[in-house]
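Chains as they are written, first to last, in our numbering: chain A, 1 to 227; chain B, 1 to 227; chain C, 1 to 208; chain D, 1 to 208.
Hints may contain errors.
[Claimed, not checked] In the SDA-like style, the derived pairs of lysine to any residue whose C-alpha atoms are separated by at most 25 angstroms in a straight line are:
1) A/K131 with C/P125
2) A/K131 with B/R134
3) C/K149 with A/R77
4) C/K138 with B/T18
5) C/K138 with B/I13
6) B/K148 with B/I13
7) B/K70 with A/R77
[Stated by the list, open to error] Where chain C lies over chain A, by a calculated footprint (3+ residues, C-beta under 8 angstroms):
8) 5-18
9) 100-113
[As the list claims (entries may be wrong)] Pair by pair, the computed Cβ-Cβ distance ranges are:
10) B/E132 with C/A208: 40 to 50 angstroms
11) A/S5 with B/D140: 35 to 45 angstroms
12) D/L196 with A/R69: 48 to 58 angstroms
Hints listed in this document are in silico derivations from the structure and should not be mistaken for laboratory results.
Yeah, the Cβ is synthetic: ideal placement off N, Cα and C, and Gly gets one too.
Here is how the chains run, residue by residue.
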Amino acid sequence: MIAGSVDEAVAGIEDGSTVLVGGFGFAGMPFDLIDGLIRQGATDLTIVSNNAGNGDVGLAALLKAGRVRKVVCSFPRQADSYVFDELYRSGRIELEVVPQGNLAERMRAAGAGIGAFFCPTGVGTPLAEGKETRTIDGRDYVLEYPIKGDVALISAHRADRMGNLVYRKTARNFGPVMATAATRTIVQVSEVVPTGDLDPEAVVTPGIFVDRVVRVEARNYTVQGAR
Amino acid sequence: MIAGSVDEAVAGIEDGSTVLVGGFGFAGMPFDLIDGLIRQGATDLTIVSNNAGNGDVGLAALLKAGRVRKVVCSFPRQADSYVFDELYRSGRIELEVVPQGNLAERMRAAGAGIGAFFCPTGVGTPLAEGKETRTIDGRDYVLEYPIKGDVALISAHRADRMGNLVYRKTARNFGPVMATAATRTIVQVSEVVPTGDLDPEAVVTPGIFVDRVVRVEARNYTVQGAR
Amino acid sequence: MSLTPDELAAVVARDIPPNSYVNLGIGQPTKVADHLGADAGIVLHTENGMLNMGPAATGDQIDPDLTNAGKVPVTELPGASYFHHADSFLMMRGGHLDVCVLGAFQVSAAGDLANWHTGAPDAIPAVGGAMDLAIGAKQVFVMMTLFDKKGRPKLVPQCTYPLTGLRCVSRVYTDLAIIDVGPDGASVRETFGVTLDELRKRLDVPLA
Amino acid sequence: MSLTPDELAAVVARDIPPNSYVNLGIGQPTKVADHLGADAGIVLHTENGMLNMGPAATGDQIDPDLTNAGKVPVTELPGASYFHHADSFLMMRGGHLDVCVLGAFQVSAAGDLANWHTGAPDAIPAVGGAMDLAIGAKQVFVMMTLFDKKGRPKLVPQCTYPLTGLRCVSRVYTDLAIIDVGPDGASVRETFGVTLDELRKRLDVPLA
Chain A
1 MIAGSVDEAV
11 AGIEDGSTVL
21 VGGFGFAGMP
31 FDLIDGLIRQ
41 GATDLTIVSN
51 NAGNGDVGLA
61 ALLKAGRVRK
71 VVCSFPRQAD
81 SYVFDELYRS
91 GRIELEVVPQ
101 GNLAERMRAA
111 GAGIGAFFCP
121 TGVGTPLAEG
131 KETRTIDGRD
141 YVLEYPIKGD
151 VALISAHRAD
161 RMGNLVYRKT
171 ARNFGPVMAT
181 AATRTIVQVS
191 EVVPTGDLDP
201 EAVVTPGIFV
211 DRVVRVEARN
221 YTVQGAR
Chain B
1 MIAGSVDEAV
11 AGIEDGSTVL
21 VGGFGFAGMP
31 FDLIDGLIRQ
41 GATDLTIVSN
51 NAGNGDVGLA
61 ALLKAGRVRK
71 VVCSFPRQAD
81 SYVFDELYRS
91 GRIELEVVPQ
101 GNLAERMRAA
111 GAGIGAFFCP
121 TGVGTPLAEG
131 KETRTIDGRD
141 YVLEYPIKGD
151 VALISAHRAD
161 RMGNLVYRKT
171 ARNFGPVMAT
181 AATRTIVQVS
191 EVVPTGDLDP
201 EAVVTPGIFV
211 DRVVRVEARN
221 YTVQGAR
Chain C
1 MSLTPDELAA
11 VVARDIPPNS
21 YVNLGIGQPT
31 KVADHLGADA
41 GIVLHTENGM
51 LNMGPAATGD
61 QIDPDLTNAG
71 KVPVTELPGA
81 SYFHHADSFL
91 MMRGGHLDVC
101 VLGAFQVSAA
111 GDLANWHTGA
121 PDAIPAVGGA
131 MDLAIGAKQV
141 FVMMTLFDKK
151 GRPKLVPQCT
161 YPLTGLRCVS
171 RVYTDLAIID
181 VGPDGASVRE
191 TFGVTLDELR
201 KRLDVPLA
Chain D
1 MSLTPDELAA
11 VVARDIPPNS
21 YVNLGIGQPT
31 KVADHLGADA
41 GIVLHTENGM
51 LNMGPAATGD
61 QIDPDLTNAG
71 KVPVTELPGA
81 SYFHHADSFL
91 MMRGGHLDVC
101 VLGAFQVSAA
111 GDLANWHTGA
121 PDAIPAVGGA
131 MDLAIGAKQV
141 FVMMTLFDKK
151 GRPKLVPQCT
161 YPLTGLRCVS
171 RVYTDLAIID
181 VGPDGASVRE
191 TFGVTLDELR
201 KRLDVPLA
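Given only the sequences and the hints, what does the whole structure look like? Please build it.
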């Protein structure tokens, strides 16, 4: 469960994998695991994440390294998403834009064994084009399918040795959902505590969803909005 | 938000309401609110709960008082469910048996705005008879619809004055799900603490899902399994 | 006189009932927070997983783990709670929020909303939470100028930009007027520095 | 010699890999817990919302807020966690548990399970979590006697009792034999006090 290094934690990720990457902008972004994935070398990846990278770090660095075939996200275009923007405009990366709530709910469905669900978001919009629709009790819905990952890379605050996780503030975001939706969930944390030290009432992600944990040094990443 | 009495908390529940009632056996059962509902007098109710009452207290007392038209539950038959058993055998109550996971997921769907979902539980069984089925990615599913409550009656451990809730051990069970699925959620708690005293990372049910909270005295209910 | 953006934000804030749960969209709607009374008990939701969000963080308050949906550092008020993305969007999509305030490119008289894409062929599509917010509250208010920079009306008979949501907007707050929209069409509640007749002349939409 | 219920529970426990997440059904499967090695790192799930459940509570340990799915008071081990019912069943239905151990009235050679209803017309139906558990783990083990009190086989070509789940059981542990079931039919792994030929004579199911 507890890996000795980032490289050990990300070992074995295969070419062609679908990788769920936590974070909303920089908050909750598993920077160390992404750097490890770049060193590890897996390529032809499909990345599922809320954004498509900022500046030159994290997801943007993975994209820049040419490892990503397709991005599934809600909001690729940002002030400093120049790496993605260039790949996209030059036709070197595929993009599937998914409403943010659908992204979360489709991953939850994958984790929960739901085959598909009728969803109110996007009805009548271009993002529902070609999708099955149905009126239920007078309201219109679009049928949406699960998004399952081969791997999830997420960042949490603390883990115990069984892989139980707690998060910190809005860095929680997609982490708990992605942990349920991937075959293998790899987590970077600021601290590993002895089993029994986390309050059982306050565990957010139970260890059943976690495969590997690695402790990393806190990193002073730039707050995007503060620039 | 904070009601002065149980009677004030349950005021206004209408005849014919669908009432979601928390608890798994006695753990998490909102005894005081149910007693209040009996005094309040609403009748012709549909009760959604995991069980159909034990002994002569709680749900069983509500059933005995003749206020319930229909029970939607996963497990009505228990060693001491004699009140329900007699009503059922004499044709004085309707029963819809729902697999426990479907009960939870159908209420979650109601809370989440999902119109319907394809579910793996029950495929090929009598409980799926007459329901729409579909094969998705090689697996068979049954289409299940949301269960929405007019009212939820649940029990939690502590609330703050904004209605944020924490629970205690396995008494949590259906509470957080039912709170999302009802138009009006009424909660009995052992303690009301000042706003700011609950850890924001550990709030299980945010106050947005809660309409009324009432503090009740702890009750030494019998542990069923210990009998 | 037409309203300044700040005056408009104050008008929107005035119309949000006490004790409401509210999501303020990115951009101009964010300003509404500055005009909400501290005693009104209004709880702000941010879709990246928090209720009872406080004002923007400054100086030492800045915490990279605590931002709003625009990725701006914010603060936490007493009674706050954190939750993951599926739970956060459950709040929206399940209709638990009382009010969403959104910006828009266009709103139709029936309440259709276009605010995520200009339809420009070279634009990189990016929707974020816009479509979830559009259908994600008991009331959806739009804040916008009534006319774009070229003087074209943004309240229209039919949206020509790609839609964000169908029949989802209940009211439009603009610099020149507050207008209810919906199944019965557009109905002016209040005007600012303009008469109803002048509005009728400048809009292609019948105004009640 | 055929196995006693306790011996059978020990055999099931032996076959659960270390560090597995396991749900033990109500009744006889509960006994398996007594035979799991304390060092094996096996984590017990109870569908009423807990992981790392400990043994039954006694005396002062009894807490009405802490029970297993059979409503028996239990204890909490270090590293436990609590969660609500939708999350608990997500664990099952999403295939996150490694092993479920269930009782049964009948299992078919293809792995169909009947364990919730005898089909008696006057019985009050009650399913609980049985149908979710049946499809709720990577491997579903059944523990049962191979013959009922009247001597009729419980491993059958086709279940005659109402089904709990289709093609969901992977292995059947009985007092007389351990038998794999599934798409390739029934295959005997181990017998207890009986020969394969004797089993073949007493069962209507081809045995590999």
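Handout entry: Three-residue Cβ test at 8 angstroms for the coverage of the segment 100-113 of chain A by chain C
Key = Per the Cβ count (8), the hint holds.
Handout entry: Pairwise hint evaluation, B/R134 against A/K131, where the allowed Cα distance is 25 angstroms at most
Key = With Cα atoms ~16 angstroms apart, A/K131 and B/R134 stay inside 25 angstroms; holds.
Exercise for the section: For the pair we were handed, C/K149 and A/R77, check the Cα-Cα distance against 25 angstroms. Expected result: OK: C/K149 and A/R77 at ~23 angstroms, within 25 angstroms.
Problem - Given hint B/T18 paired with C/K138 - CA-CA distance at most 25 angstroms - result: holds (21 angstroms)
Handout entry: Distance restraint hint 40 to 50 angstroms, applied to the beta-carbon atoms of B/E132 and C/A208
Key = holds (43 angstroms)
Exercise for the section: For A/S5 and B/D140, compare the CB-CB distance with the range 35 to 45 angstroms and indicate the outcome. Expected result: Distance hint for A/S5, B/D140 holds at roughly 43 angstroms.
Handout entry: 8 angstroms C-beta criterion, at least three residues: is the segment 5-18 of chain A covered by chain C
Key = violated (count 0)
Exercise for the section: Compare the distance between the alpha carbons of B/K70 and A/R77 with 25 angstroms, and conclude whether the hinted pair is satisfied. Expected result: With Cα atoms ~52 angstroms apart, B/K70 and A/R77 exceed 25 angstroms; violated.
Handout entry: Pairwise beta carbon distance, D/L196 to A/R69, judged against the given window 48 to 58 angstroms
Key = Holds: the Cβ-Cβ distance is about 53 angstroms, inside 48 to 58 angstroms.
Exercise for the section: Starting from B/K148, check that the Cα of B/I13 is at most 25 angstroms away, please. Expected result: Given pair B/K148, B/I13 holds - Cα atoms ~15 angstroms apart, limit 25 angstroms.
Practice task
Given the hint that A/K131 pairs with C/P125, test it: the Cα-Cα distance must not exceed 25 angstroms.
Solution key: Satisfied, since the Cα-Cα distance of roughly 18 angstroms is no more than 25 angstroms.
Exercise for the section: With a cut-off of 25 angstroms on the C-alpha distance, tell me whether C/K138 and B/I13 pass. Expected result: holds (22 angstroms)
Taken one by one, the earlier hints fail for this structure at numbers 7, 8, listed in ascending order.
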